[in-house]
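Assemble chain B onto chain A, guided by the hints.
So you can see what is in the structure, the chains are spelled out below.
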Amino acid sequence: MVKQGVVPDDLNRPFFEAANDGRLVVQICTACDRLHFPPRVACDRCGSSDFLEWKQMSGKGKIYNYGVVYDCPVATLKEDLPFNLAAIMLDEDPGILMYSHLPGTPADEVPVGAAVQVIFEATANGQKVPEWQVIG
Amino acid sequence: MTTQMAPESMYRSTEGLGIWEHRGKVASVGIGHSPTARRWDGKPETSVGALSILALRKAIADAGVNPEEVDGLVLVPVTTTGAYWPADQPVPMDAVNAFNPTDDPLDGIGQLSAEWIIKNMPELTNVKFTMYAPGCMSAAIVVAAQAVGDGLASNCLVLKGWHNLEGRYNHGGISASDEVPGSFAINPGRTLWGAPGCFGTALQFAQYCTKYGKNHDMMAPFMQNSRRNGLLFPEGYWAQHRPEQLTPEDYLSSRWIAKPANLFDNDIPIMVAAAYLFTTADRAQDMAQKPVYILNHASSRGTARSITPTLEEVEAETAATGRKIYEGAGITAEDLSFENMYDGFAQFHQFHIEGLRYRGMQPGDALDFYQTDISIEGPNPILASGGNIGGGRSRFWMHTDCMQQIQGRAGARALTGVKPEIAVSGGPMPMGGNFTVWSATPD
Numbered sequence: 001m002v003k004q005g006v007v008p009d010d011l012n013r014p015f016f017e018a019a020n021d022g023r024l025v026v027q028i029c030t031a032c033d034r035l036h037f038p039p040r041v042a043c044d045r046c047g048s049s050d051f052l053e054w055k056q057m058s059g060k061g062k063i064y065n066y067g068v069v070y071d072c073p074v075a076t077l078k079e080d081l082p083f084n085l086a087a088i089m090l091d092e093d094p095g096i097l098m099y100s101h102l103p104g105t106p107a108d109e110v111p112v113g114a115a116v117q118v119i120f121e122a123t124a125n126g127q128k129v130p131e132w133q134v135i136g
Numbered sequence: 001m002t003t004q005m006a007p008e009s010m011y012r013s014t015e016g017l018g019i020w021e022h023r024g025k026v027a028s029v030g031i032g033h034s035p036t037a038r039r040w041d042g043k044p045e046t047s048v049g050a051l052s053i054l055a056l057r058k059a060i061a062d063a064g065v066n067p068e069e070v071d072g073l074v075l076v077p078v079t080t081t082g083a084y085w086p087a088d089q090p091v092p093m094d095a096v097n098a099f100n101p102t103d104d105p106l107d108g109i110g111q112l113s114a115e116w117i118i119k120n121m122p123e124l125t126n127v128k129f130t131m132y133a134p135g136c137m138s139a140a141i142v143v144a145a146q147a148v149g150d151g152l153a154s155n156c157l158v159l160k161g162w163h164n165l166e167g168r169y170n171h172g173g174i175s176a177s178d179e180v181p182g183s184f185a186i187n188p189g190r191t192l193w194g195a196p197g198c199f200g201t202a203l204q205f206a207q208y209c210t211k212y213g214k215n216h217d218m219m220a221p222f223m224q225n226s227r228r229n230g231l232l233f234p235e236g237y238w239a240q241h242r243p244e245q246l247t248p249e250d251y252l253s254s255r256w257i258a259k260p261a262n263l264f265d266n267d268i269p270i271m272v273a274a275a276y277l278f279t280t281a282d283r284a285q286d287m288a289q290k291p292v293y294i295l296n297h298a299s300s301r302g303t304a305r306s307i308t309p310t311l312e313e314v315e316a317e318t319a320a321t322g323r324k325i326y327e328g329a330g331i332t333a334e335d336l337s338f339e340n341m342y343d344g345f346a347q348f349h350q351f352h353i354e355g356l357r358y359r360g361m362q363p364g365d366a367l368d369f370y371q372t373d374i375s376i377e378g379p380n381p382i383l384a385s386g387g388n389i390g391g392g393r394s395r396f397w398m399h400t401d402c403m404q405q406i407q408g409r410a411g412a413r414a415l416t417g418v419k420p421e422i423a424v425s426g427g428p429m430p431m432g433g434n435f436t437v438w439s440a441t442p443d
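Line by line, the protein sequences are chains A and B. Numbering-wise, the first sequence is residues 1 to 136 according to the numbering used here. Numbering-wise, the second sequence is residues 1 to 443 according to the numbering used here.
Please note: incorrect hints may appear among the correct ones.
[Claimed, not checked] Each pair of labels, with its calculated beta carbon distance range: (1) A:K60 / B:D335: 48 to 56 Å; (2) B:E244 / A:L81: 22 to 30 Å; (3) B:G189 / A:A115: 22 to 30 Å; (4) B:G82 / A:E17: 28 to 36 Å; (5) A:D44 / B:S177: 28 to 36 Å.
No lab work stands behind these hints: they were computed from the structure. Even for Gly, the Cβ is constructed at its ideal location relative to N, Cα and C.
Just chain A, same shape as in the assembly (with noise of 0.2 Å):
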């Protein structure tokens, strides 16, 4: 499946050139010690943006959930209907979610709450972006 290339912008950059390099970085608040992504300007619990950073994560999370895209609004992914779509929750803070399509597991046939590991992958301009794939 080949994403829609991305463009990033200021609040996500980091983010992005991370993931070039083949690490998971998300935005932290050193202060209140709280993850958040997507990023975000200023701190969901301190209100304060003085303490935003980014914290490289182990890249291992668990499967939260999942559906099954059978009529999608993106046209660059219709050829790859249908799909899975998971949310992962990442192993440092299970409130922190991030989308895969789970590339190797076949649609509708997703272990909910099995582990999976990040890996990077190269949308259509080149930027990668995280995917995850279940372990064992």
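Quick look at chain B alone, frame taken from chain A:
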């Protein structure tokens, strides 16, 4: 007159506010609906502006007030079901110029301003208060109720119109482009991963089924009941254009959009407008219809921690909404005769009614409840209006039904298993919506 968006201070969105200060002092007395259509046919007389004028005039006549007595107007300026006027297509000036236009040619066709309404309803000679509400009728009702209670208007029209253009919404624009901004790629809602509109709700429903041991098939009685009730709603799209019952087999064999959400779990976008007339409880005594008193309004303003709301976040928010609804109205769940909570994705509804603790439901109970008698003839009616699944996407059938049931003019849809005295309606989203408690009496 410049019209502003309602300030957040007009909404009751936190717990602990106590009884609403205007409890029982505001009433709805007039209802007006336009006809429905699947899409706009390009004619001036079927534009969202024309439908809105029609609905407003019906509401005024229904209430039995003179138009010059109307002094307030609350409306939703956004009218799209998802598609905006295509930038590469000329605006149909014949339709625009069939009315008194404003500076924006899309006014009355692809949006609605208070200025456009006033310019095209010359009988409204005394409107001193206008205000916008975001999104849905549910928000406009809350703003109008608060405005009348606060004395900003005495006879206030409340309006929501919808336009539905050709094409499939969300399939053009950024969805068709080769590149997207990083903020689009990873922000909630539509993303790089191609989530259709119903995906977030489908994901919550999938987790609901995992957590409570339920399955999609268990939605069938609810869907059948909603279509049945919708077909008894003569103002609705299905009743007017496609009077077809929905069988469990029809529902369960429908194609998936984002499994576990299928085609019928998504409401059908339509052209339609509705208007209500709100007034003070005192003035309502002299009007043509039986007053329906507003005991409270409450709003949810939940935010997801991450890329999409989880089931756990939804359940916490709907429970808080239920508490706010009851606290401000001074009632409990046991006082509800019936409910009309939102269903624009069918799988929203169980979250809303479990949050209400309707008929003693706890989280995870609703799909079992759907297997019992949930008809309008029984003691535990579910979504008496048929909602948006039963009537098409208006997000206002629920409100109209609450009023009509309490006024005793719901026709073939009239509840017979309960006496309609107190009801709650609202939506849309469990994480963000506006809700109203309606009553046959002011106390």
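Do the hints match the structure? See the list:
Taking the beta carbon of each, K60 of chain A and D335 of chain B are about 49 Å apart, inside 48 to 56 Å as hinted. Taking the beta carbon of each, E244 of chain B and L81 of chain A are about 28 Å apart, inside 22 to 30 Å as hinted. At about 27 Å, the CB distance of G189 of chain B to A115 of chain A agrees with the hint of 22 to 30 Å. Between G82 of chain B and E17 of chain A, the C-beta spacing of about 34 Å keeps the proposed range 28 to 36 Å intact.
For the pair D44 of chain A and S177 of chain B, the beta carbons lie near 30 Å from each other, so the given range of 28 to 36 Å is met.
Violated hints are absent here; each numbered hint is respected by the structure.
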